[in-house]
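2 protein chains.
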Amino acid sequence: MKSTLGSKGANLCEMTNLAIPVPPGFIISTQACIEYYTNNTLPKGLEDEIMLNLQTLENTVNKRLASQNPLLLSVRSGAPVSMPGMMDTVLNLGLNDDTVKALADTTGNERLAYDCYRRFLDMFADVVLGIDHKNFETILDSIKKQAGAAHDTELDANHLKKLTEQYKNIITEKTGQKFPKDPFTQLKMAIQAIFRSWNNERAISYRNLNNIPHNIGTAVNIQAMVYGNTGNKSASGVCFTRDPATGENQLYGEYLINAQGEDVVAGIRTPQNIATLKNTMPVIYNELESTCKAIEKHYRDMQDIEFTIENEKLYILQTRTGKRTATSAVKIAVDMVKENMIKKEDAVLRIDPNQLEQLLFPTIDPKYPTNVIAKGLPASPGAAAGKTVFSSKKAILAKERGEKVILIRSETSPEDVAGVVASQGILTAKGGMTSHAAVVARGMGKCCIAGCSKISVFEDADVFIAGDIKVHEGDTITLNGTTGEVILGEAKLTRQGISGEFKTLLEWADTIRNLGVEANADTPNDAKTALDFGAQGIGLCRTEHMFFNKERLTYVRQMILATTEDEINTALEKLQEFQKKDFYRIFEVMREKPVTIRLLDPPLHEFLPRGKEDIEKTSKEMHVSEERLKDIIQRLHESNPMLGHRGCRLGITHPAIYDMQVRAIIEAACELTKDWESGGSGKVGTEHKGGIINITTKSNKYPNIEIMVPLVADVKELIITKKRIIKTAKKVMEEKNITVPYKIGTMIEVPRAALTAGEIAKEAEFFSFGTNDLTQMGFGLSRDDAGKFLPSYIKQGIVKSDPFQTLDQKGIGELIKIAVTKGRAARKDLVIGICGEHGGEPKSIEFCHRLRLNYVSCSPYRIPIARLAAAHAALKERIMIHPQTSQSSQTPP
Amino acid sequence: MKSTLGSKGANLCEMTNLAIPVPPGFIISTQACIEYYTNNTLPKGLEDEIMLNLQTLENTVNKRLASQNPLLLSVRSGAPVSMPGMMDTVLNLGLNDDTVKALADTTGNERLAYDCYRRFLDMFADVVLGIDHKNFETILDSIKKQAGAAHDTELDANHLKKLTEQYKNIITEKTGQKFPKDPFTQLKMAIQAIFRSWNNERAISYRNLNNIPHNIGTAVNIQAMVYGNTGNKSASGVCFTRDPATGENQLYGEYLINAQGEDVVAGIRTPQNIATLKNTMPVIYNELESTCKAIEKHYRDMQDIEFTIENEKLYILQTRTGKRTATSAVKIAVDMVKENMIKKEDAVLRIDPNQLEQLLFPTIDPKYPTNVIAKGLPASPGAAAGKTVFSSKKAILAKERGEKVILIRSETSPEDVAGVVASQGILTAKGGMTSHAAVVARGMGKCCIAGCSKISVFEDADVFIAGDIKVHEGDTITLNGTTGEVILGEAKLTRQGISGEFKTLLEWADTIRNLGVEANADTPNDAKTALDFGAQGIGLCRTEHMFFNKERLTYVRQMILATTEDEINTALEKLQEFQKKDFYRIFEVMREKPVTIRLLDPPLHEFLPRGKEDIEKTSKEMHVSEERLKDIIQRLHESNPMLGHRGCRLGITHPAIYDMQVRAIIEAACELTKDWESGGSGKVGTEHKGGIINITTKSNKYPNIEIMVPLVADVKELIITKKRIIKTAKKVMEEKNITVPYKIGTMIEVPRAALTAGEIAKEAEFFSFGTNDLTQMGFGLSRDDAGKFLPSYIKQGIVKSDPFQTLDQKGIGELIKIAVTKGRAARKDLVIGICGEHGGEPKSIEFCHRLRLNYVSCSPYRIPIARLAAAHAALKERIMIHPQTSQSSQTPP
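These protein sequence lines map, in sequence, to chains A and B. Counted from 1, the first sequence has number 1322 at position 829 by the numbering used here; the numbering is strictly sequential. Counted from 1, the second sequence has number 1236 at position 743 by the numbering used here; the numbering is strictly sequential.
Hints in this document: simulated from the structure, not taken from any laboratory. Accuracy of the hints is not assured; some may be wrong.
No copy labels: a pair is met if it fits in one copy or bridges any two.
[What the hints assert, rightly or not] Under the rule of at most 27 Å between Cα atoms (straight-line distance), these lysine-lysine pairs were calculated in the DSS-like manner:
1. K1215 - K1288
2. K1293 - K1216
3. K892 - K1293
4. K1336 - K1315
5. K1209 - K1293
6. K1288 - K1255
7. K1310 - K1209
8. K1216 - K1288
9. K1293 - K1220
10. K1293 - K1167
11. K1215 - K860
12. K1209 - K1281
13. K1288 - K1220
14. K887 - K1293
15. K637 - K654
16. K1123 - K1110
17. K1310 - K1255
18. K1303 - K1216
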């Protein structure tokens, strides 16, 4: 019933049903909020209903609003989808100059009564009357100073009484009216304020950011107050049923003695670790632990729970699914399968593939020394380096300039969410592991160090001080979110492998998915990394990347600048040697797995020097006059290189280059095959493209080569290129006196190729969609130039997201669909993959799954994401087809 | 039966049936040639069949081969498709030292006998034995010198006898064998030589050029010789049934007294005009005239006829459809309709739309003085200017360098065809109106001056002399093909309008076509020209072209370089004034006809200076520092401007520009409407897009405005732009207190737009395919760069023709098809046109017709071509659907 009761309200009801100790109360439905917005006034009859329910509540707790045994209320917002911190709450409602005295009398705790009163005045003024909270904080600070109190707990009842007087004066001053004494009036005003808070600026932007509809409204939870601030036998706290950073199966949280809940979340005092509660209140700790377990078991997921202890009695104020790091998410999901709480499929579905990026994010390389200048709480793991900024606004501006920044704040508030999004990592001086900054950062997988009390942050001066080191805006620092270390300068980063629960989860994903996952890898090292991450082959080996190292580049330039056939051939022979060695080693690493080699793609001018200095240098090095060099650069210059003389166009007009590459490939394959034969390694076999679908167990002893022709726009280009490939390959095999198998296929990256895929499939044994170029040409967008208007397009909603990151399914996807349909119609067993950058993007992967591609190919570090995303795609399809039987995650096992 | 008998042979048979005096003979079928190529030898039984037919022939003419009453044979090639001059012929076959005497005896004309013998020896040696004709020419020249003879006719029998002896010696010398005496051997050898000539180099390249299949073979026509060289009562000639240059309905041609046909065609002596035959042989002239009329009537088209007069008896040797200039073609077609020979549809179909280009070609502007240095025969009309070249090879090389050249030759031969193709015009010193150069040039619509005996051409020295003026290679001359004047330097050219038969033909085309024809026109002048050529509207008015004049460019640059809103607005206001004036005048010219205005399309950097000097100059003029100017140029620079920040992308990020343009359009429309109202001109009405299909006769008083948004890739771009257009238009109309109608539509030029045309059509009232950009993006070809490989692609047959000239129907056409289908499904009455350069190309127009586009839009000078091509498309479709009833041109009326 979340849509009616809100998420918080529904959970409160469920807990009540489970006999969990929840303060009694009632809920105003989201419908009332929707009606409020339709008619600009509270719905008719709502007031009567509230009075009726209030009476029941009064009877239950045996206290009455506005009476001498006063009932105080907690009035909290609660949307159908959790929007933590985005909307408003009013606590201790019902107090006025009379009831505060009555509360003091009935509880025998005058301090409690005035502590509640000053909190209520502050909160009501802020939320309902719109008076800035800072006004009250200033007075609190000055009274604390007068009293010599470090914390608010050190203030006595008289201080607090004085405070309430001053608070009331401010309210009168700011509003021109007295504070509303009548608790019923207070309640009505609070409900309307909460309804209004549904459409405050930060709530709207949060909903935009999280794709939450704007018309579902919020519920209002009205409960009897319980008091964590009665004294040292009371406390308020927040706890997670498992560790949200590591996933360890143990209570994790914090609490504050003699405090109300807001104090913990806002990070006003640094709270105590939940473990210490075992010593201070052992009975309560045990009760909390077993209650938490019960709640987790019910929801079959890790919970984030708010609790209050009132005079050694435990109350649960709220439970929700806990936000967690990727590490924690993976461990919890795998553990829960082992604990028989959920199925493997549930575990797989629970991990957002995008979240895995965190696990693959770099960490600080321990091999290099670092200059640690402070240490705080390791609130969200990972590592991040960037220039310091001291406000969210600056972080956003820096992001727009393409800079990487670390956001430094004394403490963060919900207003900072956009700033956190724009930053690489967050460092706060105040707040604990459950502070706003920590929770938000963990949710986004950003590195965060919180409560770093060793530093002093001067936000207005754009500087922080750690010991005697001043760090100014724009200085670079590195955060180690795993250890809490703040490092001056940019530290060396390294990447992690896959092990433990992560490995298990991906293996489960592998058993579920239909789509093969291969890697874009250009070197033997890339190939090894790809295998480590679980690649089933190389879907794209870009041969030109082998040319860019200095020694090789010299030969490429020699070839381009050559004036005679002999010079060209000498340069090509050199390049061939390099390429052959590379291919040999890549084939050796990949063994039986397919290696798809794309022949030279970029235009020749990319290999020539740019800029005056580089031209001068090259002229000297190559013994070519500057004039001639400039002339050649001029002649090779293109107005639109993206649509220029490259790919197979170059192969057709300069066939010697492709001949050389094919020779290198086939020579390497022949030599490796011979070496395998003589070495007698029995491990080689054949695995076809498309991984899981097409595995055959035929055994042979050859590398698995696929030669891919780039930029084909017309089948005739492929026919001509293929003829030469076959001719060269045959010649090499004759020379080497051995036959090796290989396939010839093509990139589909020019729109025309997609449109004429039927013809092309007759000549190609495989297709690989180059979605980068297909997007550039199909969308008419140059990736190098689109930055001039794409951000504005995204802002205006013309495109949902950067089409170079997430495949444009409607337009470019349509081209892919056409090509798949025509291609498969012409060649039934056509192997089809995708090797553009979309191959590692979950939404695009789902699209590839639906189109029944054989595999996706992506950068090695995105392989795990692709494996999981492919499993998600398969599971989502099962759920679509068999909603009852497959939606196992919806019913207990 | 052309495929079996060849074109020449079939016509000879038909003429025989019509009782036209044709020398008797028989034909060896093309089948024999095909078998000859299959088996590399003459088909079995062919020899027997030849002997049998030869006997019949001998009986008919009462002469015998190799007898004392010798029969001589004409052995001529004749392919199913006319390939003039490409294959070989042997005349006077049957002569040897014995039969030549017999011929002299029986005819009593020794000179005739030896004239035939020397011709035969020369021709047989050249064609059958492969001995260069020049060897014989040299001897002929030296004998002529000895004899003091200017022409071969002045040589007597003894001279010729001596000549034959020397000829035989050369043959023995060159072949090491005696000349084959036996006439039967001669015949067999000649037949094989003719079969071989089917695959000589120039025949193959001619077939490639004209898309004639290579496997259809040639027939061989064997006829009894008739002699035009018996003396002054004999002659050979060529005539056209109507004037091939002007189309006048009168005999046109040339003849040579005492000559064989080859003399006329080769241009060895300058022949006499056919009209003079009326005086010299009035009876024969009348017979020739009536025979020609009969043949023309039979074939229902102008004929090119070869004839021989042997002792005052007329023989017709060949008839074929005559090649003609476009002017002539149009006049003949229209005249023949008037003469009831053909139907209007036939007339329309007979004119190749591409040929019309000639009629629209520039001619020499009589208003300017010219330096005429010589005058020759006006062999092919029009005007052309270019640098002189003196060989076909040089003409081809110059063409490849992009230069315009005039080919100068003493006389041309079939080897020069490629040189003629590469040249703007041809000038020859020798040869008449039916010489090789004249015929080929007329066929191609190239300007040609032939027989310009006033000049001396020194081909080896690359120079010609006209009087005392020396013209060297590379000097520029202009040819006036209509008057025969050779002009030194580049003359002023002008363009012709449409009148007379041309006008009539186009009006017939208009009644046949379904496709509307509009113009790409950017100025009021363009608009006027477009109307003169019959445009039904403006399909593309490129507003940016209005910005490139110096004064306006300054304001565009001011806008781009502005630092304040005020500066931008000041510049925009200025530009708006200019644009408003332009629009007002264009609307005024076009009246009720649609004017489709494309909002600004190119990226801003196109308006900035390029190159050091231009930047310096602009910096001074605009009072902007060079640094700042360079900085802005740098910031606006794009790697791939084709895919860059332009079109509606610019409109969306810089909305003030489009606002300005819309304001200019609507203000102009409001003001003109008011002016019309007050002026009371009643001529205005409304005509909808698509011309003929959609004409409605609703009458109102507004210009017919269509605002077109360029470079839309996603419907949301159109939605946003449309909203602003409507807002601005509304505001202007409120200010002007008048409402004017207008439509909003979009270019479809990004592949994605075509793929998502269904969505876009919901927002667009019309589509216009920008096939230039659609080709660039869909094919992945940059028009500016494709020159680097496209020529090689065309040569290798990867693409048939430049896809920027002829629409790529398979690929880009598929995108258009998708867009038309989706667009019309979403909006039934969607008006669809095409405004890329393909809009004026006949094949592409046919494609547009088949897809049921409403109109094509092309440059004003291509409008007549488009009108005719659209009619062709409609007629071809009728023939496809009703082949019997529509193919009226195949049966006599």
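Within a copy, between copies, both or neither: which one fits K1336 and K1315 at a CA-CA cutoff of 27 Å?
Both. Shortest intra-copy (24 Å) and inter-copy (26 Å) distances satisfy the 27 Å Cα cut-off.
Evaluate K1209 and K1293 at a C-alpha cut-off of 27 Å and name the case that applies: within, between, both or neither.
Intra 37 Å, inter 11 Å, cutoff 27 Å: inter-copy only.
At most 27 Å between C-alpha atoms: does K1288 with K1220 qualify within a copy, between copies, both, or neither?
For K1288 and K1220, only the inter-copy Cα distance (22 Å) is at most 27 Å; the intra-copy one is 53 Å.
For K1293 and K1220, with the copy left unspecified, which applies at a CA distance of at most 27 Å: within, between, both, or neither?
Answer is between; shortest inter-copy Cα gap is 26 Å, intra-copy 48 Å.
Checking an output row: K1215 and K860, CA cutoff 27 Å. Within, between, both or neither?
neither (49 Å within a copy, 60 Å between copies)
Regarding K1216 and K1288, is the shortest C-alpha distance of 27 Å or less found within a copy, between copies, in both, or in neither?
Answer is between: at 17 Å across copies they meet the 27 Å cutoff, but 49 Å inside does not.
Taking 27 Å as the upper bound on the Cα-Cα distance, should K1303 and K1216 be classified as within, between, both, or neither?
Close across copies (23 Å), not inside one copy (36 Å); limit 27 Å.
27 Å Cα threshold - placement of K1288 relative to K1215:
between (46 Å within a copy, 18 Å between copies)
Indicate which option fits the pair K892, K1293 if close means a Cα-Cα distance not exceeding 27 Å: within, between, both or neither.
Result: close within a single copy only, 19 Å intra versus 50 Å inter.
Same-copy or cross-copy closeness of K1293 to K1216 [CA-CA at most 27 Å]:
between (44 Å within a copy, 20 Å between copies)
Measure nothing new, just compare the shortest in-copy and cross-copy C-alpha distances for K1288 and K1255 to 27 Å and report within, between, both or neither.
between (44 Å within a copy, 23 Å between copies)
Is the C-alpha distance from K1123 to K1110 at most 27 Å within one copy, between copies, in both cases, or in neither?
Classified as both; 12 Å inside a copy, 25 Å across copies.
Against the hints set out earlier in the document, violations occur for numbers 10, 11.
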